[in-house]
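Chains A and B, in that order, are what the protein sequence lines are.
Note that the numbering used here has the first sequence beginning at 1, numbered continuously upward.
Note that the numbering used here has the second sequence beginning at 1, numbered continuously upward.
If you're looking for bench data, these hints aren't it; they were derived computationally from the structure.
Be aware that a few hints might be false.
Treat identical chains as interchangeable: a pair holds within one or across any two.
Unchecked claim - Dumping the calculated EDC-like pairs for lysine to aspartate or glutamate here, alpha-carbon to alpha-carbon at most 16 Å:
id : residue 1 : residue 2
1  : K31       : E239
2  : K230      : D137
3  : K181      : D109
4  : K34       : E239
5  : K152      : D120
6  : K66       : E49
7  : K201      : E107
8  : K220      : D147
2 protein chains.
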Amino acid sequence: MLSQSKLKNIRSLHISKYRAQENKFLVEGDKLVKECLSGAFSNRFALKEIYALQDWIDDNLLIINKFKDICFHVDHKQLHQISLQKNPNQVVALMSFDPDLDIHSPETDKLYLALDRIQDPGNLGTIFRLAEWFGVDCIFLSEGTVDPLNPKLIQSGMGSVLRVPYEKIDLNNWLSVHSKKIPVYGAFLDGESVYKKELSKGGIIVIGNESQGINDSLRKYINHPLLIPKFSNEQAYPESLNAATATGIILSEFKRSVI
Amino acid sequence: MLSQSKLKNIRSLHISKYRAQENKFLVEGDKLVKECLSGAFSNRFALKEIYALQDWIDDNLLIINKFKDICFHVDHKQLHQISLQKNPNQVVALMSFDPDLDIHSPETDKLYLALDRIQDPGNLGTIFRLAEWFGVDCIFLSEGTVDPLNPKLIQSGMGSVLRVPYEKIDLNNWLSVHSKKIPVYGAFLDGESVYKKELSKGGIIVIGNESQGINDSLRKYINHPLLIPKFSNEQAYPESLNAATATGIILSEFKRSVI
Numbered sequence: 001m002l003s004q005s006k007l008k009n010i011r012s013l014h015i016s017k018y019r020a021q022e023n024k025f026l027v028e029g030d031k032l033v034k035e036c037l038s039g040a041f042s043n044r045f046a047l048k049e050i051y052a053l054q055d056w057i058d059d060n061l062l063i064i065n066k067f068k069d070i071c072f073h074v075d076h077k078q079l080h081q082i083s084l085q086k087n088p089n090q091v092v093a094l095m096s097f098d099p100d101l102d103i104h105s106p107e108t109d110k111l112y113l114a115l116d117r118i119q120d121p122g123n124l125g126t127i128f129r130l131a132e133w134f135g136v137d138c139i140f141l142s143e144g145t146v147d148p149l150n151p152k153l154i155q156s157g158m159g160s161v162l163r164v165p166y167e168k169i170d171l172n173n174w175l176s177v178h179s180k181k182i183p184v185y186g187a188f189l190d191g192e193s194v195y196k197k198e199l200s201k202g203g204i205i206v207i208g209n210e211s212q213g214i215n216d217s218l219r220k221y222i223n224h225p226l227l228i229p230k231f232s233n234e235q236a237y238p239e240s241l242n243a244a245t246a247t248g249i250i251l252s253e254f255k256r257s258v259i
Numbered sequence: 001m002l003s004q005s006k007l008k009n010i011r012s013l014h015i016s017k018y019r020a021q022e023n024k025f026l027v028e029g030d031k032l033v034k035e036c037l038s039g040a041f042s043n044r045f046a047l048k049e050i051y052a053l054q055d056w057i058d059d060n061l062l063i064i065n066k067f068k069d070i071c072f073h074v075d076h077k078q079l080h081q082i083s084l085q086k087n088p089n090q091v092v093a094l095m096s097f098d099p100d101l102d103i104h105s106p107e108t109d110k111l112y113l114a115l116d117r118i119q120d121p122g123n124l125g126t127i128f129r130l131a132e133w134f135g136v137d138c139i140f141l142s143e144g145t146v147d148p149l150n151p152k153l154i155q156s157g158m159g160s161v162l163r164v165p166y167e168k169i170d171l172n173n174w175l176s177v178h179s180k181k182i183p184v185y186g187a188f189l190d191g192e193s194v195y196k197k198e199l200s201k202g203g204i205i206v207i208g209n210e211s212q213g214i215n216d217s218l219r220k221y222i223n224h225p226l227l228i229p230k231f232s233n234e235q236a237y238p239e240s241l242n243a244a245t246a247t248g249i250i251l252s253e254f255k256r257s258v259i
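The following block holds chain A by itself, in its conformation from the complex:
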């Protein structure tokens, strides 16, 4: 059983500030924890501890045999305290991360996403899942983008957050450097149809904030503005597409053009 101070320490990781301070975060639920046990995460992360109900431990003796030194039994009440979910799912893993690993210098033939202040954890999780599906090489996150190591976000992203490389950057500075040699794309209402534009194999795709779109100060770096054409019967609605679905459609267009 865990001590009160240990529980308190784990619970603090529900908050982004403490995750950044401790370089630790939580992964919840049978499916995702089993992915972690099988090593399905990038080398910036490490599995530190597992907190599980006795039933889960009994059902998974073979799998956790290798991890028994770091596997701790918790009861339902403690699991509730550790978990961010209303109905916690048997097991939670404590992971650590190296904030300095995985520095990517973009290359011309690779595909990148650069996210400008994405706010909604569900959207960011979905974008990571899409990025993994479409083989995006790295996701660059501007200041003001929600923390990807939020447990709910890891869940909504089906664990893709643990496998797709990402980096936090000053997006303005970063684009000012890399837009000189790598094509930069972004969706705008006055862009060129994504169905007609000839897309390069690699490049940087900028995705804007859910309500404000791409920051005006970044527009000058986006040398290939794109438009997802609208086929609505009533032209006024909807005003826009959801950030994650727009990302999916644009990534699909990049990949369909190279096969």
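Add chain B to chain A, keeping to what the hints say.
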């Protein structure tokens, strides 16, 4: 000010069962209520009453002049009771709907979505928004699909739920009839690449439940199984795409092929 029994009656509409009983539902927030005041909803709906903070009424005198007989002042406490949001946004509208209007008999040159037990309100809202963007003619909802008139869902769908025709059906029976004359598409792991398949102008696209996909019993009606190819570096992950993003990519493919 509203009476307690009136408040209770309005609050009951947070629950799907009472919405179906009363044929009424709520629309929340300045942006969506203003769309309703401008008449941006289909003719199966009618605007019945508006509940607003005095500040909102004062700021929108010109707009609500036409509606002053059905506009009621509420204080912050009452707004909190009416609203499903943590931080309610000034105004809520009460709408009615005609459950029997808008019976669509599918035609071969029109595009339809048929949703098989979509559970997540956010996903269903996003699918309605996508459907409006891509000019889908009607969305057919199986039994077991979440109620589209949930106030949170209307919000996440940017009000598209109020404009895109939809109908609740017995999906199995419905497909057994219409699959005889209209092409039926659906995403499967062993389908034909959506990038290579020649897509018809119209048809029915079946979208499956978030965790279980399309029900096995429906498979026989889907004469055009589709696949969204995966470009992941590690083939095991992610296992699937989110239902709403997959819908977006497939709709985009249908529309790009006819322009």
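How would you classify K152 and D120 at a CA-CA limit of 16 Å: within, between, both, or neither? both (11 Å within a copy, 15 Å between copies)
Within, between, both or neither: K34, E239 at alpha-carbon 16 Å: between (41 Å within a copy, 14 Å between copies)
Could you place K230 and D137 in one of the four classes (within, between, both, neither) given a Cα distance threshold of 16 Å? between (29 Å within a copy, 14 Å between copies)
At most 16 Å between CA atoms: does that hold for K181 and D109 within a copy, between copies, both, or neither? within (11 Å within a copy, 45 Å between copies)
When no copy is specified for K31 and E239, does a C-alpha distance of 16 Å or less occur within a copy, between copies, both, or neither? Classified as between; 12 Å across copies, 37 Å inside a copy.
Taking 16 Å as the upper bound on the Cα-Cα distance, should K66 and E49 be classified as within, between, both, or neither? Classified as within; 12 Å inside a copy, 63 Å across copies.
I want to check one pair: K220 and D147. Are their C-alpha atoms no more than 16 Å apart within a copy, between two copies, both, or neither? neither (27 Å within a copy, 44 Å between copies)
Alpha-carbon proximity between K201 and E107, which holds within one copy, between copies, both or neither at 16 Å: within (11 Å within a copy, 39 Å between copies)
This entry does not satisfy hint 8, going by the numbered hints stated previously; all others are met.
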